[in-house]
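**Student:** Once you have looked at the hints, place chain B on chain A.
Line by line, the protein sequences give chains A and B. This note's numbering puts the first sequence at residues 1 to 529. This note's numbering puts the second sequence at residues 1001 to 1529.
Since the hints were derived computationally from the structure, they do not count as laboratory data. Be aware that a few hints might be false.
[Stated by the list, open to error] Below, simulated BS3-like cross-link-like pairs (lysine-lysine); rule was C-alpha separation at most 25 Å, straight line: (1) K311/A with K358/A; (2) K254/A with K1246/B; (3) K1328/B with K1348/B; (4) K1254/B with K414/A; (5) K1524/B with K486/A; (6) K1414/B with K254/A; (7) K246/A with K1254/B; (8) K58/A with K1414/B; (9) K524/A with K1486/B; (10) K1058/B with K411/A; (11) K406/A with K1058/B; (12) K358/A with K328/A; (13) K1411/B with K58/A; (14) K1414/B with K60/A.
[Claimed, not checked] Computed, partial: chain B to chain A, Cβ under 10 Å: (15) T1059; (16) L1111; (17) D1123; (18) K1143; (19) S1428; (20) R1447; (21) G1452.
A virtual CB, placed ideally from N, CA and C, is assigned to each residue, including glycine.
Protein chains: 2
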Amino acid sequence: MIHGKNYIGFDLSAESSITFQTFSPVNLQELPGIFVQATLEEMEMAISKAVSAYEHYKTKSGKERAAFIRAIADEIELLGSSLIERACAESGLPEARILGEKARTINQLRLFASVLEDGSWVDASIEPAQPDRKPLARPDIRKMLQPVGPVVVFTASNFPLAFSTAGGDTASAMAAGNPVIVKVHPYHAGTNELVSGAINQAARKTGMPDGIFSSLNASDFSIGQGLVLHPEVKSVAFTGSFAGGKNLYNLAQKRQIPIPVFAEMGSVNPVLLLPEKIAENPATLASTIAGSINLGAGQFCTNPGVLIALKTPETDVFKEELAVQIRKLLPEPMLHTNISNNFERKTKAFFDDSRVDKLAESVKEPEGLRGRPVVALVPGEDFIANPGLAEEIFGPFSLLIECIDKSEMQKVIKSFGGQLTASVMGTSADFTAFRMQIESMQEIVGRLIFNGMPTGVEVCYSMQHGGPFPASTDGRFTSVGADAIKRFLRPVAFQNAPEDYLPDELKNANPLCIWRRIDGGLTKDQIKE
Amino acid sequence: MIHGKNYIGFDLSAESSITFQTFSPVNLQELPGIFVQATLEEMEMAISKAVSAYEHYKTKSGKERAAFIRAIADEIELLGSSLIERACAESGLPEARILGEKARTINQLRLFASVLEDGSWVDASIEPAQPDRKPLARPDIRKMLQPVGPVVVFTASNFPLAFSTAGGDTASAMAAGNPVIVKVHPYHAGTNELVSGAINQAARKTGMPDGIFSSLNASDFSIGQGLVLHPEVKSVAFTGSFAGGKNLYNLAQKRQIPIPVFAEMGSVNPVLLLPEKIAENPATLASTIAGSINLGAGQFCTNPGVLIALKTPETDVFKEELAVQIRKLLPEPMLHTNISNNFERKTKAFFDDSRVDKLAESVKEPEGLRGRPVVALVPGEDFIANPGLAEEIFGPFSLLIECIDKSEMQKVIKSFGGQLTASVMGTSADFTAFRMQIESMQEIVGRLIFNGMPTGVEVCYSMQHGGPFPASTDGRFTSVGADAIKRFLRPVAFQNAPEDYLPDELKNANPLCIWRRIDGGLTKDQIKE
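Okay, chain A solo, but in the shape it has when bound (with noise of 0.2 Å):
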């Protein structure tokens, strides 16, 4: 059953009077559980224990915190059909991509568990001493990685696990050392309720500190604020929109101490259509696409709002059999009301515009909280004109920009903001023809994409997630695979440590066996004293 209360580490609290429910969005029900609202002293506390937790949590080794990690992997697994039914009632997404997400969460847990096993994501580098050297002597100088302190998560709307409560920010976070107080968000807080309870249920099996994790329930800003201005926190994580996220990001400059907030807010990630590639295939390309534009009603940050391409005959063809795609495509449910009319009220005003056409739109009415499949035209010109048409419309939409040459093709990539991803549909000869455009779109993106949707994000070490802003607020880190453990650490150098002051890491005999650079050579070799 649904408590509806916070975690407060290992307590249970349920202060406020202040209380909300979920409900489905496929059939606008509310669903079981009363979730209460933390209280600002809640939420003091979840701090406090987390400042605690931190002590103990950043001095276990990184097998310690491997072990935990596993164990919120197979808590999460043990939930069985009780978590699948209730992320699938919370968020409107079918069965199928629930479990895939569910999957995908357990990977990326275990990821990271094996990044920490592994053991030389520390970056550990060592110039021994040269007492020697002229005309000064050498010291010795040992760096490596270490974690910042408590970390804040706010759940995504779109991804009630995978970027939720134990997403990809929790794990790299507490892979990382840190301590994670989520702020839980309100469509989906029961599916949150469990997983909270699976992340503290692998912490007490795994002895990990009372207040390594709380979650904390909001369905207002007061809490989420309140985080992100504590002196205590050292750094949050967002996934969501651009006004959500940069939000959290000028509130965190404001602090007297600023810290960073890594928000992925979204983009529309340019797809190029080059002509070879069109006139070759286009009803394959245009089915394709469509399936791109309606998967999971759109709701992606890596949707592609945009397909760029010539005008000439063959794209003519490709239009019709697009419009003809998009027709038969089926509105599928929204995550919630916000969305759903955001959705309605962006499109309409789109289509104001008297330079902007529709290509075509679903034929089938939306019932309830469905999106309806819609594509814009727009002259290259008049987009170039109109920096406002490049905002992300979050849902099953795309702008399709027919450009009259390759230089004005040139100038609407260079019109783009920062993107997660840019695609590129072409044949060899389209990319040797298209270089420059091409290489225009690399310079705006964090992820270039040949012959492929920007839809699906491969969870590995050579992931980047996350582009130039305002893609989101730092495209010099990734919130997906691998190195987005690497948000959450900074530096430190020891300059004449005794060994036994030092981390196993930078010890002479290596004896966790990582990787490490020694005079700037990477080896495994020890130290020689």
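**Tutor:** Same frame as chain A, but now just chain B:
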């Protein structure tokens, strides 16, 4: 002869009627050369050239960039005595120090060249495609670091060479693949002119594009502000005061597209003096500390501005020894009237506080801009009650905090904001007995030094020069050492990219023979096709 003009790429320009001169802090005489402040139009031209240069420069191989950076070092060597004389004259620093700084500047440039030649610094990471993976095929994902675009470097008052025109910021930004625009420090505009000429000479000789480097004279804030706010500027590096750094940081956050400002803003670099060490040889300890306090007239961001000890009879003996050493110190010339006046004003205000005593000061009355070495004394309790006492006083000043016990010492340590360094002077037994206090120091610093003074920052792979705010704006990065290059890079991932689009670093054959992560494991292996 000094021409006093701005370098707009390869061109000299002097359009403004606003001029200024530099002068000798030793004899207060004006030095030859009338410097013409850059106009906003000249600034626009420099940025425009940098944008064009970036397009070419970013396509240069690591070896080509390395040749350029080695050529800069060679050209600086060719400047010979003219550079040394000018830098000594403008800074008032002794020749030995300037010769050392020149050597350091050249070594830094060559270090970054060798980083480029080695090639592994791009953090290449590859996950080859797995077309047969279930339930979904895995795409091919490859990631590496790429440059960000034009970087603005503010040169530092206290290091006319090593943290200035061709210093670590410029060297690392250019090594990363970015053009650099230097905002000249008005204290040493002549030194800048000589070094700027050397950089552009090196650029011509090695075929680098016009605009890869510009330097703009400025005696007021207009050019600095214009540069930080310019949409084409992608990153900023600064070394100087907290007020100056925070100002630039705030400006950069107000932009429509915020950019990173890597400001290294100094700190008080607490030195923990542990009881056995104090008792062991108080005279030697006192002499070491006194020398560090007055090194370069205390004008180092790593100057030991705070000493922390337990109040014991042995500490009383040490205090006597320290007082003897401080009295013997000779006032050294400070860099500028402003710096000298600030030092006088701030030390005076410091002793206006009734809780603060004067332990000792140099017996020699300072002449001209010389700074009189002085050490203050305050009980731990009073220090904790008055956070203002922890603010840096730039110059030959230090504050000895006496704590009644270990617990108060711990509270004193925890009351500090972020620091570039902390030092611990102790015996093995001290390190064991005060482990908790040392660990608390580690939490607030970028570098933790055992039995050494904070002054002297080794340029190497393992150096961390940058601590938590307010020591620097971003403690995740260093401004000294090979890893300084990481500040001016961001990762980009390529998904299913054709081999001939990929940079050499990511090609199957690993033609540069660099270290790469393949499926998370470091190797120099090729990828089998």
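**Student:** Hints first: check each against the structure and report whether it holds.
**Tutor:** Hints, one by one, checked against the model:
no.	hint	in the structure
1	K311/A with K358/A	holds, 16 Å
2	K254/A with K1246/B	holds, 12 Å
3	K1328/B with K1348/B	holds, 20 Å
4	K1254/B with K414/A	holds, 22 Å
5	K1524/B with K486/A	holds, 23 Å
6	K1414/B with K254/A	holds, 22 Å
7	K246/A with K1254/B	holds, 12 Å
8	K58/A with K1414/B	holds, 17 Å
9	K524/A with K1486/B	holds, 23 Å
10	K1058/B with K411/A	holds, 20 Å
11	K406/A with K1058/B	holds, 22 Å
12	K358/A with K328/A	holds, 15 Å
13	K1411/B with K58/A	holds, 20 Å
14	K1414/B with K60/A	holds, 22 Å
15	T1059	holds, 9 Å
16	L1111	holds, 9 Å
17	D1123	holds, 9 Å
18	K1143	holds, 4 Å
19	S1428	holds, 7 Å
20	R1447	holds, 4 Å
21	G1452	holds, 6 Å
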